[in-house]
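Construct all of the structure, not just a fragment, from the sequences and the given hints.
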Amino acid sequence: MSEHHITPLKTYLAVAGTLFFLTVVTVWVSYFDFGSFNIVIAMGVATLKASIVALFFMHLLWDDKKNLTMFVMSLMFLGIFITVTLLDTGFRGGVNSEVESPINNRAAFYDSLPLTDTHGHPVDEHSADHHGEGEDHH
Amino acid sequence: MSHDNSSPKFLQHHFHDVEQQYETAKLGMWAFILTEVLTFGGLFVAYVVYRSWYPEMFVGANLLLDVNKGLLNTIVLITSSLTMVLAVWAIQKKNQKLSLFMLIATFLFAFMFLGIKYLEYSHKFEVGQLPGEYYSYMGPEIAHLNNPHIFFSIYFIMTGLHGLHVAIGMGLIAWLIYATAKGNLNSEYYTPMEMIGIFWHLVDLIWIYLFPLFYLI
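Protein chains in written order, with the working numbering: chain A, 1 to 138; chain B, 139 to 355.
In case anyone wonders, no lab produced these hints; they're calculated from the structure. Remember, predicted model here, so these are calculated numbers, not experimental data. There could be a bad hint or two in this list.
[Unchecked claim] The calculated BS3-like cross-link candidates involving lysine-lysine, where the alpha carbons are at most 25 Å apart (straight line), are:
1. B:K255 x B:K164
2. B:K207 x A:K10
3. B:K235 x B:K147
4. B:K320 x B:K235
5. A:K10 x B:K235
6. A:K65 x A:K10
7. B:K147 x B:K232
8. B:K320 x B:K232
9. B:K231 x A:K10
10. B:K320 x B:K231
11. B:K231 x B:K147
12. B:K164 x B:K207
13. B:K262 x B:K207
14. B:K164 x A:K65
15. B:K164 x A:K66
[Claimed, not checked] Stretch by stretch, here's where chain B covers chain A in the computed footprint (C-beta under 8 Å, at least three residues):
16. 42 to 49
17. 78 to 92
Note that beta-carbon positions come from the ideal geometry of N, C-alpha and C, so glycine has one too.
Okay, here's the thing in structure tokens:
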């Protein structure tokens, strides 16, 4: 075991410092509105942080590359999973307007929230009309 | 590695040498990490799909979460990742005492994470920001939002499964503390610490995505 790569302490501290810095950056940036770029920026910073964690803390940088390959492959399959699912859910109703509906028809969906009084409490029998609204709003 | 004739007692007979045993354990660990990515992946898909259906609702509902608590938890978890990696580093450097200290620190940070999470959850239980049909919060700031209960369904499932991983990680780290204190782990054989470390960094890695997805955007 003695021949394993031992990462210098300085590297670990620098990595942690970078992670703290990027955390502060992503929170700070979230107070500005860049429209649809909010998500891109937040996910970009998160991916940068995640890569640093994987490469340095999880030692993938110095490991046999088969481990990195396996990890990257899991992310590729996650990408396929997301893309193919969005190809369905993103274009429902694009071909046939009447097939646009929630995945689970019995799930509670509101066209608008039930009425509330001035204290924010539901006015009446809101638990009774929780269910069954989803089906008839199309 | 020096090839002396007497093989160390932690080397199991079906492995050629110590290095092969270590590499095999690591490959198995990464196979497990792969399944973890796919487990959480399904939930990330749920997040992406519902966010694409209710973009304004997600933007509005994340304002109900406490960014400060989320930020604090992020810092706590990154710190615990650092102490975990330093525990491995210390044992590689033959400093068992420091390694033990770092493991205990990691355990305490994990406990702190769950404590902060408990405060967040109990507040949400109080005001009724709960998943699915248990949702009852009708405060003025969400009056214009449709279906905030979906946001909280996904929030509770994802942070709940993540919290379960933290709890399991605490159990594993507790065992590492025991094994290190007993002297079972040393600079020649620290495979369990390295593997549990990888698991612990995965927990950190997932939180790195959960934090902006739920608290920031």
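Mind checking the alpha carbons of K164 of chain B and K65 of chain A for me, to see if they're no more than 25 Å apart?
-> holds, 12 Å
Going straight from one Cα to the other, do K164 of chain B and K66 of chain A come out at no more than 25 Å?
-> holds, 10 Å
Between K164 of chain B and K207 of chain B, does the CA-CA distance stay at or below 25 Å?
-> violated, 34 Å
For the pair supplied as a hint, K320 of chain B and K232 of chain B, is the alpha-carbon distance within the 25 Å limit?
-> Measuring from Cα to Cα gives roughly 15 Å; hence the hint holds.
Would you check the hint for K147 of chain B and K232 of chain B, treating anything up to 25 Å between C-alpha atoms as holding?
-> With Cα atoms ~18 Å apart, K147 of chain B and K232 of chain B stay inside 25 Å; holds.
For the pair we were handed, K207 of chain B and K10 of chain A, check the Cα-Cα distance against 25 Å.
-> violated, 29 Å
Measure nothing beyond the straight line between the CA atoms of K10 of chain A and K235 of chain B; if it is 25 Å or shorter, mark the hint as holding.
-> holds, 20 Å
State whether the coverage of the region 42 to 49 of chain A by chain B holds or is violated, taking the criterion as 3 or more residues with Cβ-Cβ distances under 8 Å.
-> holds (count 5)
Between K320 of chain B and K231 of chain B, does the CA-CA distance stay at or below 25 Å?
-> holds, 18 Å
Measure nothing beyond the straight line between the CA atoms of K231 of chain B and K10 of chain A; if it is 25 Å or shorter, mark the hint as holding.
-> Status holds; Cα separation ~14 Å.
Pair hint K65 of chain A and K10 of chain A, alpha-carbon separation not exceeding 25 Å | holds, 24 Å
Hey, K231 of chain B versus K147 of chain B, does the alpha-carbon distance stay inside 25 Å?
-> holds, 21 Å
Hint violations for this structure: numbers 1, 2, 12, all remaining hints satisfied.
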